[in-house]
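S.K.: Protein sequences, first through last, are from chains A and B. At position 85 of the first sequence (counting the first as 1) the number is 85 in the numbering used here, and the numbers step up by one without a gap. At position 188 of the second sequence (counting the first as 1) the number is 188 in the numbering used here, and the numbers step up by one without a gap.
The hints are simulated quantities; they were obtained by calculation from the structure and are not laboratory data. Treat the hints with care, since some could be wrong.
[To be verified] Listed below are the simulated SDA-like cross-link pairs for lysine to any residue, each with C-alpha atoms no more than 25 Å apart in a straight line:
1. B:K112 to A:K8
2. B:K112 to B:G210
3. A:K26 to A:F77
4. B:K112 to A:S78
5. B:K147 to A:P88
6. B:K112 to A:D82
7. B:K147 to B:K99
8. A:K26 to A:D84
9. A:K8 to B:K157
10. B:K157 to B:G210
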Amino acid sequence: MNSVNPLKPTPTKALLEQQFLEIRCKILDLAAQLDRLQRGGDLEAIEGDPKWTRIQKGITILATDQPAKAQSVQELFSLHYDPDWKKPSPRF
Amino acid sequence: MTSYIDPHIHMISRTTDDYHRMARCGCLAISEPAFWAGFDRGSADGFRDYFRHLVEVEPKRAAQFGIQHYSWLCINAKEAENVSLSRDVIAIIPEFLDKPGVLGIGEIGLNKNTANEAIVFQEHLDLAMKTDEMILIHTPHLEDKLKGTRMIIDMLKNDPRIKPHRVCVDHVEEHTVRFALDGGFWCGMTLYPTSKCTPSRAVDILEMVGLERIMVNSAGDWGKSDPLAVPELILEMRRRGHPESAIKKVVYENPLAFFRQSRRWSEPSLRNES
Ligand SMILES: [Zn+2]
Chain A
1 MNSVNPLKPT
11 PTKALLEQQF
21 LEIRCKILDL
31 AAQLDRLQRG
41 GDLEAIEGDP
51 KWTRIQKGIT
61 ILATDQPAKA
71 QSVQELFSLH
81 YDPDWKKPSP
91 RF
Chain B
1 MTSYIDPHIH
11 MISRTTDDYH
21 RMARCGCLAI
31 SEPAFWAGFD
41 RGSADGFRDY
51 FRHLVEVEPK
61 RAAQFGIQHY
71 SWLCINAKEA
81 ENVSLSRDVI
91 AIIPEFLDKP
101 GVLGIGEIGL
111 NKNTANEAIV
121 FQEHLDLAMK
131 TDEMILIHTP
141 HLEDKLKGTR
151 MIIDMLKNDP
161 RIKPHRVCVD
171 HVEEHTVRFA
181 LDGGFWCGMT
191 LYPTSKCTPS
201 RAVDILEMVG
211 LERIMVNSAG
221 DWGKSDPLAV
231 PELILEMRRR
241 GHPESAIKKV
251 VYENPLAFFR
261 QSRRWSEPSL
271 RNES
């Protein structure tokens with residue numbers, strides 16, 4: 001961007017203290033949601049379902065050290081873009 | 001209390017109590033883009049009545065609480081699938097363009113990224129360029145967003161008449177914000193439960209991309225949404241220890257700088273200049 005960003009991220013250690021319970025809660029929520037899918041009794045029925053495949057890939061992204069994990073998860077859940085799509089022409 | 005502007009909220013779908021609560025939280029002005037009414041309208045006359053509502057009724061309702069009301073006119077992307085209806089609606093927009101408080105054409109954009117939506121988007125651009133209007137853009141949600149945002153930016157760049165600093169690309173998120181900013185456009189982040197951006201993620205994005213040409217809004221509408229989402233972002237920035245000057249820039253100075261480019265902007269009762 002064209003000017004210095006005045007927003008300094010909170011230091012990691014302080015963030016961990018602040019957000020530990022929140023992150024724990026979100027992991028627990030996700031774990032319970034996955035349990036629920038399993039309790040439905042038929043995980044095989046969703047094997048190969050693109051929604052399930054993307055959920056599994058999304059969980060893998062969370063476990064990496066790469067930066068911009070939120071952006072990667074967004075991209076994972078996005079449709080393919082074709083730069084050569086047929087654009088309408090401006091009428092001058 | 002920090003004064004703020006909500007640059008994208010659909011007050012037609014909110015109660016008068018919401019105006020009251022927003023004013024109590026520091027809201028000084030809002031802009032309301034034309035959008036979907038929760039059902040597809042049957043005729044262009046339905047839009048004529050809707051535009052009257054936007055330019056005549058809502059400003060009076062807002063004024064009771066000292067809030068300045070501005071608006072944007074168009075046929076939204078969802079109803080733009082019907083090209084002939086869209087052309088009829090585009091033809092009546094000029095009747096309203098000189099009404100006080102109309103900032104420009106919006107929120108135009110794509111919904112399901114169809115060919116018809118793209119045709120109607122371009123025809124709105126043609127109108128905006130002919131009448132020298134500013135433009136507010138809706139980008140699609142969820143899995144359609146990345147593709148739709150890129151298609152929209154393709155069309156904007158394909159049209160040499162477009163001045164990026166007079167265009168706001170709204171509803172940006174982590175994966176689309178840089179396309180808008182790198183193109184020289186303004187952008188908006190919409191704070192909305194579940195399907196869009198949360199206040200925390202919006203502050204993360206600000207930490208990543210900075211404070212230039214970026215605004216936040218609640219998009220309060222018919223869905224489960226929070227007309228006080230901008231004050232939530234203010235609280236989140238404060239919780240993280242970000243300076244008051246940065247908060248004021250995002251929630252007040254930036255929307256003001258963008259709006260001031262409109263010919264019909266007037267700010268007699270804005271009282272945040274201290
Ligand atoms: Zn909207």
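S.K.: State for each hint whether it applies.
M.R.: Okay, the hints, checked on the actual structure:
1. Straight-line distance between C-alpha atoms of K112 of chain B and K8 of chain A comes to about 37 Å, which puts the hinted pair past the 25 Å bound.
2. For the hint pairing K112 of chain B with G210 of chain B, the CA-to-CA distance comes to about 30 Å; that exceeds 25 Å, so the pair is violated.
3. Pair hint K26 of chain A plus F77 of chain A holds up; C-alpha atoms about 19 Å apart against a cutoff of 25 Å.
4. As the CA atoms of K112 of chain B and S78 of chain A are separated by approximately 12 Å, the hinted pair is consistent with the 25 Å bound.
5. A threshold of 25 Å between alpha carbons decides the hint, and for K147 of chain B with P88 of chain A the separation of about 16 Å falls inside it, so the pair holds.
6. Proposed proximity of K112 of chain B and D82 of chain A is supported: the alpha carbons are some 15 Å apart, at most 25 Å.
7. Restraint check: the Cα-Cα separation between K147 of chain B and K99 of chain B comes to about 35 Å, which exceeds 25 Å; the hinted pair is violated.
8. Restraint check: the Cα-Cα separation between K26 of chain A and D84 of chain A comes to about 40 Å, which exceeds 25 Å; the hinted pair is violated.
9. With a CA separation close to 33 Å, the supplied pair K8 of chain A and K157 of chain B exceeds the 25 Å bound.
10. Annotation: proposed proximity of K157 of chain B to G210 of chain B holds, straight-line Cα distance about 23 Å (limit 25 Å).
Against the hints set out earlier in the document, violations occur for numbers 1, 2, 7, 8 and 9.
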